[in-house]
Each structure stands twice: as C-alpha cells, then as structure tokens.
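Fit chain X with the ligands to the supplied structure of chain C, relying on the hints for placement.
Residue numbers (the numbering used here), protein chains in the order written: chain C, 1 to 251; chain X, 1 to 291.
Keep in mind that the hints are not guaranteed to be accurate.
As the list claims (entries may be wrong) - In silico PhoX-like pairs for lysine-lysine, Cα to Cα no more than 25 Å straight-line:
#1 K16(C) <-> K37(C)
#2 K80(C) <-> K16(C)
#3 K103(C) <-> K212(X)
#4 K88(C) <-> K134(C)
#5 K115(C) <-> K212(X)
#6 K29(C) <-> K244(C)
Hint data in this document are derived by calculation from the structure and do not stem from the laboratory.
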Amino acid sequence: MPNDNWTPDQPLVSIKDVRKSFGSLEVLKGVSLDVMKGEVICIIGPSGSGKSTLIRCINALNDIQAGSITVEGQEVHTEKLDKLELRKKVGMVFQQYNLFPHKTALENVMMAPIKVLRKSKAEAEQTARALIKKVRLDGKEGAYPGELSGGQQQRVAIARSLAMNPDVMLFDEVTAALDPETVKEVLVTIKDLAQEGMTCILVTHEMGFAREIADHIYFTDRGVIVEHGPPATFFDNAQDPRTKEFLSQIL
Amino acid sequence: MIRTPAKTNLPVMLPYDPTGRVAADPIMFSRWLASMPIWVLPMMAACLVLWPAIAHAASNYSYGQATSALFKWMPFIVLDGFLLNVVISLFTMIFGTFFGVLLGLGQISPAGWIRIPAKIFTQVFRNSPWLVLLFVVLLALPFEITIGGVIISIPDWTKAVFGLSLPVMANISEVVRGAINSVPSGQWEAAESLAYSRRQTLWLIILPQCFKRMIPPWMNWYAILTMATPLCSLLGVEEIITLSRQAIEAEDNHPELLVPFFGFALLIFFAYCYPIARWTVRLERRFQVKL
Ligand SMILES: Nc1ncnc2c1ncn2[C@@H]1O[C@H](COP(=O)(O)OP(=O)(O)OP(=O)(O)O)[C@@H](O)[C@H]1O
Ligand SMILES: [Mg+2]
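Next up, chain C with everything else stripped away, as it sits in the complex (with noise of 0.2 Å):
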C-alpha cells in the first residue's frame, strides 16, 4: 500500500526510537535516524555494535521490539505490511554476496524482474544486461557465480538488487569479505550509483569512502548512536570519546 501522504521532501526512511532485543540480549537501545531521497548516510562502529541489525529492520528481515520505522512514510513494523511491496522498494547487498549459485550472473540479475515483478522475459533481460554492463560486468553474463571472484560476485549482487528499481539501497559491509584489490571496484560501482542520486544506507569499515561519499556519518556504539554528522566535521572535529578512539583505532 504505496502512502499517499509521502511527498520527496520529508525523510525516505525514518528510524524513531527503535529497540531490538535478541532474547534477553538488547542490541538497539533507541535507534533514530533519518535519510532524506538522494541522501548517502554511512554508519560505522565497533563490531557488534547493531549496525547490521539496524539495516535488516529497514527491510523488514529483523523485526523490532519498540519505536517506528517508515519508508516512504509506509510503516514497517505492523501487521498490515505488505512486506514484498517494501521490498520491492528497498534494495539490499551483503557481506556475503549470496548469489543464487545455480544460475548465471544474468540469470540472478534478471529473474526476480521476471517473477516478482511479472515483467517480460525479454524487457527483464534487456534490463539486466544494461546494468551488468553499467557494472562493469560485460561478457560475464553466462557466467556462474562460482566462476567469478569475489568483487565481481558483489557487483552482480549490487546489479541483481537495482534490478528490481528500489528507491534506496542498503548495503552492509559489502567489501568485509574482499581482497583489498578487489574492493576498489566495487566501491567505484557504489559511488556511480550514489551519484546518480540512488539514496544509498551504507555500513562500512571503509572510512575514506565513508568520507568520500557520505552525506552524513552515523557512529554507533553498544546500541546507540553515539554522535554523528557531516563527515568533514565527523571525521575531524569528533566530540565523544567513545568516537575520537575508534577513530584513533580504525584511521
């Protein structure tokens, strides 16, 4: 059910106050965030600190104990969801790539066209090879995941997912798993994307990329965000000093 009240100008994603507790273990403890359309937001931390946790709650994957998510202004965490219809709208990458391994890279890239969103064969396919190219993935078509390398998994993994024509991406640690040679390319392809005006949540470990490309930097520590802000001021100026030592630690 697409919200008729949402126009582009209030946040695309809207995070309020969100917990999320795996049995007895609170691993948000009141999570806010917004992400306007257009917007690049990365958020980093300390391993275990509910990043990843925090993205999966967007796409309905985790749910959440208390607080509200929206996108595009729909409610997230309610019975009447419609959860393919959001799904369709919020496109997600993992640290895993996991690619489907019994079908080619095309054939990832373009069946979820074909059987979700019921278009035709060939319009699917013309789509799917325009994006593997856009990734940089030209004459990979035929091949199987498991002949290709980690980074261009990844980026067919980043193509299967604009595939279906989401409005924001959300990628965790989708580098985490790679060679550092192979990161630069699909970090390239990330950047593309952002500046094409794709609204784009990221968590990453890459802070000169987060620096880079980021409108906005989210730092999260044992559940909370501790401090974030634009990264020049982020990155430079940091106030908490739970901040100023993970960044000592991690630059």
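Just chain X with the ligands now, kept in the frame of chain C:
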C-alpha cells in the same frame, strides 16, 4: 570404509551439529556396502558352491544333489521371487518418496499446524521397527474391499508396499528437511530481500540447489529398503525367501539345502544392491565437490 579422498593432508572439519554430536553420515549404509571389493561377489558364489562339499561330504545327501536342486529351482526363485522383491521395492520407493517429500516440506512449514504434525509423523515412523509397521498395516487393512458390489481382493504384497512405505516416507522426509536446512540462510535472506514470496524462494532458489544433494541419501534408502523386503515373507508374501522355503520343502526339507538356498538369496541381494551402493557413493562424491 571408503572415505571421500581428502584433497589436502590438513585435518578436515566435520559438519557441525549443534547438539554436539558429529553429524550422522546420510549414506552410511551405501558407503559400507560399496567399500567391499568387487571380488566379494565371486567369493560369495564360490563359498556357496563349496560349502556343501566341505560340510556334508560325508552325509548321504550329496553335494551334487543339493546343487542340482538349487539350479532346478533357481529360475522360480529369481523370476517369481526376487522379481517381486524388486517390484515391492520400486512401488514402495515411489509412494515413500512422494509422501516423504510432502512430509519433508511440511517439516519446514512456517505454519505450526502443518509443521508439528509433520515432525511427529516423521519421528514416529522413522523410529518404529519396520516389522511392527508391516504387521500393523497387514492387520489394519482388509483383505478385500467392495466397491459397488464388486469385490476386489487386496493382494498381500500391496499391503507390504504400504507398510514399507511408512518408514521410507519418514526417512525421505528427513532427507528433504536435512537438504533444505543445509542451504545457507543467506540464500533465504537474499531471496526475501528481492521480494520473492516464501513459496517462490523455496521452489526457485532453495530446492534447485539441494535437489542434487538429496539424490545420494535417497538412493541409500532404496538400497536399505530393498534389503528389508524379505521381511514381507513374514506376511506370507511370495517373495524370494518365501519361495526359497517352499522350494526346500518340495525337496524334502534336507537341512543341507538351507545354506545353498539362503546363501543364494543373499548373493542375489548383494549383486543387486552393490552396484547401487557404488553408484551412490560416486554421486555423493561428485555432488560434494561442486556446489
Ligand atoms: N539472529 C541473532 N540472534 C541472536 N543474536 C544476534 C543475532 N544477530 C545478531 N545478534 C547479536 O546482536 C549484536 C549485534 O549484531 P550485529 O550483527 O548487528 O553487529 P554489527 O554491528 O553488524 O557487527 P559487525 O561489524 O561484526 O558486523 C551482536 O552481539 C550479535 O551477537
Ligand atoms: Mg554486521
């Protein structure tokens, strides 16, 4: 034991089982059977031929008589008897697979009212003695049914098929569940986040990936099932063991006939199941490498 040859000398980590046990080998039986060298077959045949010569050289019922009795009855035992075992095993496998797949899919259903009964069914039939199930079915089913005045008698062997289908079904159910669970959860999540419905995820993404992985354990169960078909002789089904017994009786019940006749039955089962087991192990090895 034939083991999958290690590609390195490094220690291999066994599949992890959260209960702390080392994960059971799904094709253990086939691995054991296939581990026998091919000359076991001629050796068994040789034993069979030589046995009467050694054990009963002095008795009045000669070696020659026993062997010729066996040869005389052989076509009857094989074509009437063993063929029925094969027929029973094939029908059982068809029914067991069909219902086993349904039950296995039921076991992973998100709906509790499907999942819980499916799990109970699976566990009950998987852990009941096969013979008990056979007897229950034999006694529970009528020996004839009347449809619109026409009396149709149900032959015993079809009841045996039904009885054997139950444990096979339960074990296939576990094979299906195990194969589906062996697909990494990332595959489910990736499909979910692409807005595939649960059913689409299962049929388009998950099952095609684990189909190959189900084949070796499925064949393993076929071999086990075939070996279990002589149980039907206890229900009076005229399969290989029943017919061998009848043949021995027709030959005046000489005790010297027991070893050649039942040894021959053993030989036939071995000859039938051994290639299946070899093939199973080979397939398992091949599918393991490529994922
Ligand atoms: N499905 C789950 N069940 C139970 N606990 C979980 C689950 N997923 C995550 N957790 C716990 O929640 C906490 C936060 O996990 P999360 O994956 O969100 O951290 P993260 O910030 O993404 O860390 P990393 O940088 O290592 O990816 C961790 O303590 C983790 O053990
Ligand atoms: Mg994470």
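Checked hints:
| no. | hint | result |
| --- | --- | --- |
| 1 | K16(C) <-> K37(C) | holds (17 Å) |
| 2 | K80(C) <-> K16(C) | holds (19 Å) |
| 3 | K103(C) <-> K212(X) | holds (15 Å) |
| 4 | K88(C) <-> K134(C) | holds (20 Å) |
| 5 | K115(C) <-> K212(X) | holds (23 Å) |
| 6 | K29(C) <-> K244(C) | holds (21 Å) |
The structure fails none of the hints (numbered hints given earlier).
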